[in-house]
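**Student:** In case you want the letters, here they are:
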Amino acid sequence: MNLNLSFMAETFVHALTGIPTTLKITLVTMLISAPLGFFMALGRMKGNKGGGRLAALYVSFIRGTPVVLQILFMYSLLPSLLNYLFKSILHLNINIFRMDPIVYAYIVFSLNTTAILSEVFRSALMSVGHGQMEAALASGLSSSQAYRRIIIPQGLVVALPNICNTTINLLKSTSLAFMMTVKDIMAIAKMDAAYGYNYIEAYLVVLVIYIILCTLVQILFKVMEGSLSGYRRRITA
Amino acid sequence: MRPFHPQLILTALSKTLPYLWVTIAVMIATVVIGSLIGLLLTRANIRRRLIGRSIAQIYIYVTRCIPSIVLLFIVYYGLPELLLAFGININNASRAVFVITTFSILFSANMAEVFRSAYEAIDPGQREAALCAGLSEWQTFHRILLPQCTVIALPNFTNALVNLMKEGSLAYTIGLLDIMGKGQVMIGQNNGSFALETYLALAIVYWCMTLLIEKVFATLEKHLTRGQKILSDAP
Amino acid sequence: MLEINNVHKSFGKNQILKGVDLNVEKGDIIVILGPSGSGKTTLLRCINFLERAEEGTINFDEIHTSFKGASKQDISRIRKRTGFVFQNYNLFANKTALQNVTEGLIVGRKIPKDEAIRRGKQALDKVGLSDRYDYYPSQLSGGQQQRVGIARAIAAEPDVILFDEPTSALDPELVGEVLGVMKSLAKEGATMIVVTHEMGFAQDVANEVVFMDGGVIVEKGTPSELFSRPKDERTIQFLKRIIREDFDYSI
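Protein chains in written order, with the working numbering: chain A, 1 to 237; chain B, 1 to 235; chain C, 1 to 251.
If you are wondering where the hints come from, they were derived from the structure by calculation, not from laboratory data.
Where hints are given, some of them may not hold.
To be verified - In silico contact screen, one side only, chain A against chain B (beta carbon under 8 angstroms); selected entries:
1) Val59
2) Val68
3) Phe73
4) Tyr147
5) Lys172
6) Val206
7) Ile211
What the hints assert, rightly or not - Capping the alpha-carbon separation at 20 angstroms, the derived lysine to any residue pairs in SDA-like fashion look like this:
8) C/Lys80 with A/Ser142
9) A/Lys46 with A/Ser144
10) B/Lys215 with A/Leu57
11) C/Lys80 with A/Leu57
12) B/Lys215 with A/Arg63
We put the beta carbon where it would ideally sit given N, CA and C, even for glycine.
Pulled out of the complex, with its shape left as it was, chain A reads as follows (with noise of 0.2 angstroms):
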């Protein structure tokens, strides 16, 4: 078996061209999953019990279904969705065949690890102990200030490990937008593939940038819980 090197190379750098975009799709998802699945979890816990119901529907829909089902179903459907929406409710000039894809992979990504981060954050948020409300009130805290004060920072500190896996998931689930069309990583090494049929040398280029990339996140994450829980270390004589 011989493999394509000076391929590899070729393709290693121009697949690099596509960081960029599979970044911003985890990046820009994150930003919207984390504060709504946070809010998803804080409404679950305290809220009403028929919007729990449904969040609950949502989030085992969501844990119940493949990625790859939720992308090849909602690029079916959106286009269509939002060209109504835009043209028939809104009455707004926009051309929805034009849009960057993009937009499609943050959705599609956003609905699936908002129900993911909900879970995380809920179970973190419980971990904490009973006994912390209670010591709370005790010392005449509101409720609420004891959420924010004392439940909220140490559930996140709890929850950073996840986070942090989630945030791997959610990269390497990144690898399916090129369904949308969008040209991340993925899609960039498949064009260059089909040229002249070099299939193994561009997707082992791929499995390398994202051992890479997939580094880069974990070593954030350290550094992030490394300052985060500094409360939890102990002295040992």
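Using the hints provided, position chains B and C relative to the given structure of chain A.
**Tutor:** What follows is chains B and C alone, placed relative to chain A:
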């Protein structure tokens, strides 16, 4: 807006469901092979011999970073050529071979982590107590440690299984005719119309399967933990 | 100063408190004794509304309310006038010792930061932790954590301090330091309600001992009355057992 025909969801269900067994068969094969590799990885990890352990850890780390679809394509295009170098021709093998290979690699790394954390969660006192009570190493393992490990590992195993099923839906991209593949073929035959209904039907199937798996394993866990519940103090 | 009447509380079908009255005057040290499950802890938690009693009234100086109908303001005012020391400390894991003490002052009571820090340090000094201001709970021993818990409870100068078995989670050799702090508080005239099994503490410090069993107060009196001349059979049995255990323990 394109018209939406809810009754076509039923049609799509009836046409795709017969292919569910392919999805399930591939899953079962993957779980068996993946778990075996996972056990080997765990063994290498626990034994703390430098070389075996490093290999296991690198394998797990790299696998964790690979998007499933990338590995699927690498295996699909690469495995035949690799084997050809050893004089084995699998160019005419079933697509299922590539799918099972790919997902066994991914699943084994997940399993290695599941097994390791279950193993580490058990108090070393359990082993010591069993040995002191006169049990042999093997008896200690399969009568005391293994049952406790199983209970601890079960929720994570369930998660890994559901993930495997969901990621496995990518198999259609290399042409496996499982439930997802059949759905895609149907959409192709209709020149892309009724895609929404078909995808919804598939989503329903996957959703039900997920709920079913979770339900079965939750029941199993309950069954296995009877007698292990800690008596809680009266308030 | 603090008077509660006819407190009833159930968890599901399980009736824990079946009509308890308690009257606390300024400077009182009341020790509540009783077997586990007798409702001592629940009673304490009902006083500052960590549990909501179904029936009964509370009169706390000028606050007069039923437990059931207490408004948010009532609850908040009562909590700000009481300190609570937990069995398992419940220190805020993300705050240092000093922050644990000042949190309720700055955020809950809106005391200016400088003043709060001054008072927080004073409280920590009082419990003998002047060298541990900036330690996180995970860096402190159990006895030290509980002393921070006491400092947190006294820093706001509450009218009454509630202690829920403050020493029962501690290793035996650490119990002394916590009891010592509690004794010195008592000497300074603090008003305290203490749920505990420490008979020595009850004997030395309490001016009233209350014995609870099965959700009611069986008997109460001064330590010497209750310990040397208990009237009710249940009290006698309980004291026999506890004192024998204490005795066994000391050898």
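**Student:** Next, verify each hint and record whether it holds.
**Tutor:** Hint by hint, here is what the structure shows:
1. Restraint check, A/Val59 versus chain B: the minimum CB separation of about 12 angstroms is more than 8 angstroms; hint violated.
2. With a least beta-carbon distance of about 6 angstroms to chain B, the hint placing A/Val68 at the interface is held under the 8 angstroms criterion.
3. Using the Cβ-Cβ criterion of 8 angstroms, the hint placing A/Phe73 at the interface with chain B is satisfied: the shortest such distance is roughly 4 angstroms.
4. About 25 angstroms separates the beta-carbon of A/Tyr147 from the nearest beta-carbon of chain B, more than 8 angstroms, and the hint is not met.
5. For A/Lys172, the shortest C-beta to C-beta distance to chain B is roughly 4 angstroms, which falls under 8 angstroms, so the interface hint holds.
6. Residue-level restraint check for A/Val206 holds (minimum Cβ-Cβ distance to chain B is 5 angstroms; threshold 8 angstroms).
7. With a least beta-carbon distance of about 5 angstroms to chain B, the hint placing A/Ile211 at the interface is held under the 8 angstroms criterion.
8. The hinted pair formed by C/Lys80 and A/Ser142 meets the criterion: a straight-line CA distance of about 10 angstroms does not exceed 20 angstroms.
9. Between A/Lys46 and A/Ser144 the CA atoms are separated by roughly 11 angstroms; this keeps the pair inside 20 angstroms, and the hint holds.
10. For the hint pairing B/Lys215 with A/Leu57, the CA-to-CA distance comes to about 16 angstroms; that is within 20 angstroms, so the pair holds.
11. Simply put, C/Lys80 and A/Leu57 have alpha-carbon atoms about 41 angstroms apart, too far for the 20 angstroms limit, and the pair is violated.
12. The hinted pair formed by B/Lys215 and A/Arg63 meets the criterion: a straight-line CA distance of about 14 angstroms does not exceed 20 angstroms.
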